[in-house]
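Single-letter residue listing:
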Amino acid sequence: MAFLEESSAVPGIAAISAASPRDYIALLKPRVMSLVVFTALTGLLFAPHHVNVVIGFASLLAIAVGAGAAGALNMWYDADIDALMRRTCRRPIPTGKITGREALGFGLTLAVFAVLTLALVANLFAAALLAFTIFFYVAIYTMWLKRSTPQNIVIGGAAGALPPLVGYVAATGQVSLCALILFTLIFVWTPPHFWALALVRSAEYGRAGVPMLPNVKGADRTRLEILIYSLVLALLGAAPFLLGFASVFYGCLSAVLGAAFVALAFDVYRVRSGDRANQCAMRLFGFSILYLFLLFAELLGERIIALATGS
Amino acid sequence: MELEHRSEETVLTPEQIKSRRQRNIAIGLAVGLLVLLFYAVTIVKLDPGILNRPL
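Chains as they are written, first to last, in our numbering: chain A, 1 to 311; chain B, 1 to 55.
Here chain A stands alone, though its shape is the one from the complex (with noise of 0.2 Å):
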């Protein structure tokens, strides 16, 4: 990591970062880690056997600073058009914190290492699974859909989708079912949920030329698909009942947070002007996370009944 720079804007003092581990932190975007850790360990603990504790951690851990190396990368890349929006003008490379060059080469190296280890502690699929994810959140995501297409997240969606799928693989070596779901699950969420925000924040993405599908498709046509988006989640939230992972108090949960999700946005499907659209919209962005949030607690905390039963 390049921590003296080439040139100091005062003599005699030289440019080495003044930068805190906080920034550092920062850079790994902990409130996304916090969910990737969250949705990580229910993929994991879906797993069919008994997951040693210290492999579980370990496993988790790779995950999240996978995670975190890719947050990092994409602070990197994206550090000219965050600049721009009120929402990441904070961010450490923004504000000179932290240069592109020091991000670059914190976020690889993390990556690299997060990697290797989920090979040692767990399987080369899991890793390999890893390193996708953080490839596709980089370069597919990051570097091409984001600025080029208005279906930006819902493809790039995938990247913040396999977490569970990588816990799972990391405790059995293999894909199933449960694990699949698991991951439509968050891919589904992830366009209602980021188009809710973008709705809010069109002008913003509009001045940094991010073509989020309110800017390109137009208000209207969001909030149409806000609301298909919404009710193909509602029915899939209700898959792990129906498929048979989940009790039948996990299936009223869905079915009630589901209605409500469908209501907030069908809310902003009929409010289209002032500042009540505004306000339906960011009730929507913040019901999202909940809903989520919501969901894979009530399959941890089965899961981990189940577990402690030994049922």
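Worth flagging that the hints you see were computed from the coordinates, not collected in a lab. Since the model is a prediction, treat every value here as computed from it, not as a measurement. Positions of the beta carbon are idealized from the N, C-alpha and C atoms, including for glycine. Misleading hints may appear alongside valid ones.
One-sided and incomplete, this derived list gives chain A residues near chain B with beta-carbon spacing under 8 Å [said to hold, decoys possible]:
| hint | residue |
| --- | --- |
| 1 | 17 |
| 2 | 52 |
| 3 | 55 |
| 4 | 121 |
Simulated crosslink set (BS3-like; lysine-lysine; CA at most 30 Å straight-line) [as the list claims (entries may be wrong)]:
| hint | chain 1 | residue 1 | chain 2 | residue 2 |
| --- | --- | --- | --- | --- |
| 5 | A | 97 | B | 18 |
| 6 | A | 29 | B | 18 |
| 7 | A | 217 | A | 97 |
| 8 | A | 146 | A | 217 |
| 9 | A | 29 | A | 97 |
| 10 | A | 146 | A | 97 |
To give a feel for the contact side, a few chain B residues facing chain A, derived at Cβ under 7 Å [what the hints assert, rightly or not]:
| hint | residue |
| --- | --- |
| 11 | 37 |
| 12 | 40 |
| 13 | 41 |
Add chain B to chain A, keeping to what the hints say.
Chain B alone, transformed into the frame defined by chain A:
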């Protein structure tokens, strides 16, 4: 000669010294954690059966 050499050395501000120290501590802790993690994983993967191998 010694003084001339010193004048070319990098001068750090108190903020740079503080942040470098913090980074060093963080790297040290991370490496220490990694050593412990790999030690624990090795012990788990070795399995108790390793002691019963034929000589």
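Results for each hint:
1. The interface hint given for residue 17(A) is met, as the beta carbon of that residue sits about 7 Å from the closest beta carbon of chain B, less than 8 Å.
2. For the restraint placing residue 52(A) at the interface with chain B, the shortest Cβ-Cβ distance is roughly 6 Å, inside the 8 Å limit, so the hint holds.
3. Interface hint at residue 55(A): satisfied, since its Cβ lies 6 Å from the closest Cβ of chain B, which is below the 8 Å cut-off.
4. Evaluation of the residue 121(A) hint against chain B yields a held restraint, the C-beta minimum of about 5 Å falling below 8 Å.
5. For the proposed pair residue 97(A) and residue 18(B), the alpha carbon gap of about 14 Å is at most 30 Å, so the pair holds.
6. With a C-alpha separation of about 24 Å, the suggested pairing of residue 29(A) with residue 18(B) holds against the 30 Å cut-off.
7. Proposed proximity of residue 217(A) and residue 97(A) is contradicted: the alpha carbons are some 37 Å apart, above 30 Å.
8. A distance of roughly 15 Å separates the Cα atoms of residue 146(A) and residue 217(A); the hinted pair therefore holds under the 30 Å criterion.
9. The hinted pair formed by residue 29(A) and residue 97(A) meets the criterion: a straight-line CA distance of about 15 Å does not exceed 30 Å.
10. Distance hint between residue 146(A) and residue 97(A) is fulfilled; the C-alpha atoms sit about 25 Å from each other, no more than 30 Å.
11. The beta carbon of residue 37(B) is positioned within 7 Å of a beta carbon in chain A (closest approach about 6 Å), and the interface hint is therefore held.
12. Restraint check, residue 40(B) versus chain A: the minimum CB separation of about 5 Å is within 7 Å; hint holds.
13. At its closest, the beta carbon of residue 41(B) sits 5 Å from a beta carbon of chain A; the interface hint therefore holds under the 7 Å criterion.
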